[in-house]
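Chemist: Throw the hints in and build the complete structure from the sequences for me.
Chains as they are written, first to last, in my numbering: chain A, 9 to 243; chain B, 140 to 313.
A couple of the hints might just be wrong.
[To be verified] Label pairs and their calculated CB-CB ranges:
#1 B:GLU155 <-> A:ARG235: 57 to 67 Å
#2 A:ALA35 <-> B:THR251: 38 to 48 Å
#3 A:ARG194 <-> B:ARG255: 38 to 48 Å
[Claimed, not checked] A few chain A residues that don't get close to chain B, going by computed Cβ distances all over 12 Å:
#4 GLU18
#5 ALA22
#6 PRO29
#7 PRO82
#8 LYS124
#9 PHE127
#10 PRO167
#11 GLY170
#12 PRO172
#13 LEU174
#14 SER200
#15 SER219
Everything labelled a hint here was simulated from the structure, so no lab data went into it. Heads up, the beta-carbon is just placed ideally off N, CA and C, and yes, glycines get one too.
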Amino acid sequence: MTPPPYESDETLGARLRAELPRHSAPAHVRATVVQASAPARRPTPWLAPALSAAATALVLGLVVMMWLPRVVDPTEQLVRSVVAEHMRTLMWGSRHSQVIPAALPWLTQESGIGLKQVFAGDEILVFVGAEPVYLDERRGMALYYRDSDGHLLTYIVLPFPGMPILDRWRVPIERGQTRYRPALVRGDEGFSTWVWRQGDLACFLVSDMVSTEDAERFKDYFVRVRRATDPVPAQ
Amino acid sequence: MSEAVPSDDFQRAALEHLDALYNFAMYLTRNPPEADDLVQETYLRAFRFSHRFQPGTHLRAWLFQILRNTFLTFYRLRERESALAEDGVPTWDVPMFHDAPEESAAAVEAHTDLERALRRLPEEFRTVLLLAEVEGMALEDVARVLACPVGTVKSRIFRAKERLRGLLRDYTKE
Chain A
9 MTPPPYESDE TLGARLRAEL PRHSAPAHVR ATVVQASAPA RRPTPWLAPA LSAAATALVL
69 GLVVMMWLPR VVDPTEQLVR SVVAEHMRTL MWGSRHSQVI PAALPWLTQE SGIGLKQVFA
129 GDEILVFVGA EPVYLDERRG MALYYRDSDG HLLTYIVLPF PGMPILDRWR VPIERGQTRY
189 RPALVRGDEG FSTWVWRQGD LACFLVSDMV STEDAERFKD YFVRVRRATD PVPAQ
Chain B
140 MSEAVPSDDF QRAALEHLDA LYNFAMYLTR NPPEADDLVQ ETYLRAFRFS HRFQPGTHLR
200 AWLFQILRNT FLTFYRLRER ESALAEDGVP TWDVPMFHDA PEESAAAVEA HTDLERALRR
260 LPEEFRTVLL LAEVEGMALE DVARVLACPV GTVKSRIFRA KERLRGLLRD YTKE
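Modeler: Given below as structure tokens:
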């Protein structure tokens with residue numbers, strides 16, 4: 009059918025409703041779905057005592073937990089948000105390549121972060137793009153890089169004076185005369201995150217490099233980004 | 140791990156949306172076997188987590204949300220280089236999912252220009268049109284499914300229609 013070029017929103021909506029074929033669920037899908045909850049509904053003689061024991065253990069556990077000091081780690085919380093942002097970028101796609109000097113004034117204005125020096129990519133990591141971000145009520149900046157194997161790296165800077173970093177997370181890295189002690193956080197989602205402080209700013213570098221072979225490379229990427237990037241709160 | 144047993148009422152109400160969910164799954168995956176899997180997985184999750192459903196809220200939107208999230212989780216996105224507009228939607232036409240089986244043997248053919256054009260829309264655009272226009276879902280429910288503000292839904296619908304019109308015009312010229 010040939011659509012008129014001036015088709016209005018309403019007409020287009022009506023066409024979508026009227027012309028798109030509807031696909032009904034096949035019988036086998038319906039049957040499977042109907043049966044889906046059946047196993048859980050079968051009486052199981054051992055279930056009641058097992059549940060009872062589990063419930064008792066749970067209550068005891070909760071009682072014990074109530075006496076423990078409740079620790080909500082703001083760094084872990086932020087790392088989760090940073091990883092979510094990285095995943096969002098993977099999902100929605102990253103920006104077209106940008107020339108970083110051209111993007112800087114806008115980025116600084118939007119993010120509240122200035123870059124005295126910035127890693128603009130090299131023969132190993134290609135700079136992909138940059139954008140302001142807003143994570144956990146903090147306005148900051150994200151820069152994206154990609155390595156030759158296609159790993160996307162998201163570097164995020166957020167204001168967080170005195171961000172706590174647990175010592176047990178820290179990994180010593182030496183390059184020449186320079187020593188770094190960033191923290192490495194590995195989540196269940198298949199991403200690793202370097203976390204470090206630069207002045208009053210919290211910095212993160214996320215990628216899906218979690219294997220042993222990737223570990224050294226990810227360390228190298230951290231060094232490349234870390235030593236060539238100097239973020240500061242914008243005035 | 141023990142699973143919550145969905146009530147008969149919940150089960151009955153959920154099953155009323157089976158055809159609509161299947162239709163949505165078909166337009167997302169374009170592939171009957173994958174749509175089968177997607178819908179079955181959606182119901183498994185819905186039954187498993189039925190205790191989390193808040194009675195009084197919209198079951199239909201909740202089920203569509205589970206389906207879409209399951210789709211996004213299972214169909215791994217491959218790398219793309221695309222621009223993002225202000226509402227976070229890519230501004231070009233490549234299929235969002237590498238696994239979207241445009242050329243696989245099981246893929247369903249598009250018979251009309253409208254189907255072809257819809258198929259070429261990025262997933263975010265296709266989804267808002269399917270939910271808002273085809274399923275007639277309220278904007279608030281679409282926003283819930285997409286986990287974004289209502290304003291973003293409106294903007295996406297507007298842009299999706301613009302894009303769709305453009306594609307249809309292109310087909311007319313061909």
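Chemist: Test the statement that PRO82 of chain A is away from the interface with chain B: the closest C-beta pair must be farther apart than 12 Å.
Modeler: holds (24 Å)
Chemist: Taking the closest pair, is the beta carbon of SER200 of chain A still more than 12 Å from chain B?
Modeler: holds (18 Å)
Chemist: Does the claim that GLY170 of chain A lies outside the interface with chain B hold up, using a Cβ gap greater than 12 Å?
Modeler: holds (32 Å)
Chemist: Run the C-beta distances from LEU174 of chain A to all of chain B and say if the shortest one exceeds 12 Å.
Modeler: holds (30 Å)
Chemist: Classify the label on LYS124 of chain A as holds or violated, using whether its beta-carbon is more than 12 Å from each beta-carbon of chain B.
Modeler: Label holds. Min Cβ-Cβ 27 Å, cutoff 12 Å.
Chemist: Mind verifying the non-interface call on PRO29 of chain A? Its CB should be farther than 12 Å from each CB in chain B.
Modeler: Contrary to the label, PRO29 of chain A does not stay out of reach of chain B, its closest Cβ about 8 Å off (not over 12 Å).
Chemist: Falls inside 57 to 67 Å, the C-beta gap from GLU155 of chain B to ARG235 of chain A?
Modeler: holds (60 Å)
Chemist: 38 to 48 Å was suggested as the range; check whether the CB atoms of ARG194 of chain A and ARG255 of chain B agree with it.
Modeler: holds (44 Å)
Chemist: Confirm or reject the statement that ALA22 of chain A sits farther than 12 Å, beta carbon to beta carbon, from all of chain B.
Modeler: ALA22 of chain A is in fact no farther than 12 Å from some Cβ atom of chain B, at 8 Å.
Chemist: Is PHE127 of chain A truly not at the interface, in the sense that its beta carbon sits beyond 12 Å from all beta carbons of chain B?
Modeler: holds (20 Å)
Chemist: Measuring from beta carbon to beta carbon, are ALA35 of chain A and THR251 of chain B in 38 to 48 Å?
Modeler: Violated, at about 27 Å.
Chemist: Regarding the assertion that SER219 of chain A does not contact chain B, is the least Cβ-Cβ distance greater than 12 Å?
Modeler: holds (17 Å)
In this structure, the hints that do not hold are numbers 2, 4, 5 and 6, in rising order.
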